[in-house]
Amino acid sequence: MAGFDKVVSSYQEALAGLEDNMTVISGGFGLCGIAENLIAEIKRKGTKGLTVVSNNCGVDDFGLGVLLPDRQIKKIVASYVGENAEFERQMMSGELEVVLTPQGTLAEKMRAGGAGIPAFYTATGFGTPVAEGKEERTFDGRDYILEEAIKGDFAIVKAWKADRYGNLVYRKTARNFNPLAATAGKITVVEVEEIVEPGELDPDQIHTPGIYVDRLIQGTFEKRIEQRTIRPSDNA
Amino acid sequence: MALTREQIAMRVAQELQDGYYVNLGIGIPTLVANYVPDGMEVMLQSENGLLGMGQFPTEEEIDADLINAGKQTVTMATGASVFDSAESFAMIRGGHVDLTVLGAFEVDVNGNIASYMIPGKLIKGMGGAMDLVAGADNIIVTMTHASKHGVSKLLNNCSLPLTGKGCIKRVLTDLAFIEIKEGKFHLIERAPGVSVEEIIKLTEGELVIPAHVPEMTF
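Residue numbers (this note's numbering), protein chains in the order written: chain A, 1 to 236; chain B, 1 to 218.
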């Protein structure tokens, strides 16, 4: 590996340096666009005491949910956590600290973290439990609360395609939090379905420029579907 | 008769306008998409990063990379766009969405809404609801007027943790269409066959009744 080539050869190498009690920012919405092999590697590695920042926490046996049985997650910052029995048990018993954060605020916290903005005002959550302990300020007659940016020791990201320089393209709604997570990791690790040579991706179509990406690996994905909703075939 | 879920959705659909960008919450609000009037174009925003949500896919069309905010597999309508979560909430917080429809456990006379948590019972999180109520000007809350035991959900003060403060102006229940202004509920329409007295009985917060309260028509 040399120059701008970000490709690593194993998942072990991809997550080298991830240690107990670190903060990991994860892309994904539900099970869509999650770095499923990187999550599996964290499970295998047995890293503990993690603070995980992610919109959701997977389901019992897939996604970030697989880190729960061995108590690898100490604290989670998420907007919605309702699909997971073990999660609920650990939350109710106090084993797992949960910081419920509005979805748009969570996205903006990651964006700000990656963009060098330490905090921002938002009307979201004013006058609700989310505002507790936060600075409030009025602009043009509207009330806002101050929300702080989030940075991670690691960010784990799933993209569709990349070139070896780490320029990324996402696919459909699997994009979600991934481009934001990618900017907010001290070490950003990305797994993709396909890696091509530099120059093969159209520069106008790149969603995440390679400057944000530290390590890149190609994987195979189960892409589990959470709610399989269909309509009858048109010609049925 | 109290409105059915479908009738609530049909009544909300009457508030749609051609060219509207609309965010529909999970549950009854989602049904509104089934009643878009003929010849009208609306585009549905799904806060996980899709503008122009289409119908459910056929078995052959299913794509794990294409879901809505309820995590259901969907398709894209013609002219759709996809984007990241920060962009999605920039649209929402920035007031670019023309109409937001979402459910609630409680609303009160000051336009407060509680919809995301029942302490000790239901702690799943607010998802995008706090951003939606804080960012949108034009919101319709759909909910049942009272619990099965006849306890009003239209209150003087919300008892549950708030999703948003002072942000709700219109509520459509199974019994009535209500506006909230100047610290009071105002009865605008009633469900067919539901009496004003019945609505008064099931509304805890102060309710202003005009001389004539029309029945909803579908």
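Just so you know, the hints here were simulated from the structure itself, not pulled from any lab data. Since this is a predicted model, take the numbers as computed values, not measurements. Every residue, glycine too, gets a C-beta built ideally from N, C-alpha and C. One or more of the hints may lead you astray.
With a cut-off of at most 16 Å between alpha-carbon atoms, the simulated EDC-like pairs for lysine to aspartate or glutamate come out as follows [to be verified]:
id, chain 1, residue 1, chain 2, residue 2
1, A, Lys-223, B, Glu-61
2, A, Lys-172, B, Asp-174
3, B, Lys-148, B, Asp-174
4, B, Lys-124, A, Asp-214
5, A, Lys-43, A, Asp-5
6, A, Lys-74, B, Glu-61
7, B, Lys-124, A, Glu-97
8, A, Lys-186, A, Asp-204
Facing chain B, a subset of chain A residues (Cβ under 8 Å, in silico) [to be verified]:
id, residue
9, Gly-17
10, Ala-107
11, Ile-117
12, Phe-120
13, Tyr-121
14, Thr-124
15, Lys-134
16, Arg-137
17, Val-169
18, Leu-180
19, Lys-186
Okay, the hints, checked on the actual structure:
no.: 1; hint: A:Lys-223 x B:Glu-61; result: holds, 15 Å
no.: 2; hint: A:Lys-172 x B:Asp-174; result: violated, 36 Å
no.: 3; hint: B:Lys-148 x B:Asp-174; result: holds, 12 Å
no.: 4; hint: B:Lys-124 x A:Asp-214; result: violated, 34 Å
no.: 5; hint: A:Lys-43 x A:Asp-5; result: violated, 27 Å
no.: 6; hint: A:Lys-74 x B:Glu-61; result: violated, 39 Å
no.: 7; hint: B:Lys-124 x A:Glu-97; result: holds, 13 Å
no.: 8; hint: A:Lys-186 x A:Asp-204; result: violated, 26 Å
no.: 9; hint: Gly-17; result: violated, 27 Å
no.: 10; hint: Ala-107; result: holds, 4 Å
no.: 11; hint: Ile-117; result: violated, 12 Å
no.: 12; hint: Phe-120; result: violated, 11 Å
no.: 13; hint: Tyr-121; result: violated, 11 Å
no.: 14; hint: Thr-124; result: holds, 4 Å
no.: 15; hint: Lys-134; result: violated, 13 Å
no.: 16; hint: Arg-137; result: violated, 15 Å
no.: 17; hint: Val-169; result: violated, 12 Å
no.: 18; hint: Leu-180; result: holds, 5 Å
no.: 19; hint: Lys-186; result: violated, 20 Å
Going through the hint list in order, the structure does not satisfy hints 2, 4, 5, 6, 8, 9, 11, 12, 13, 15, 16, 17, 19.
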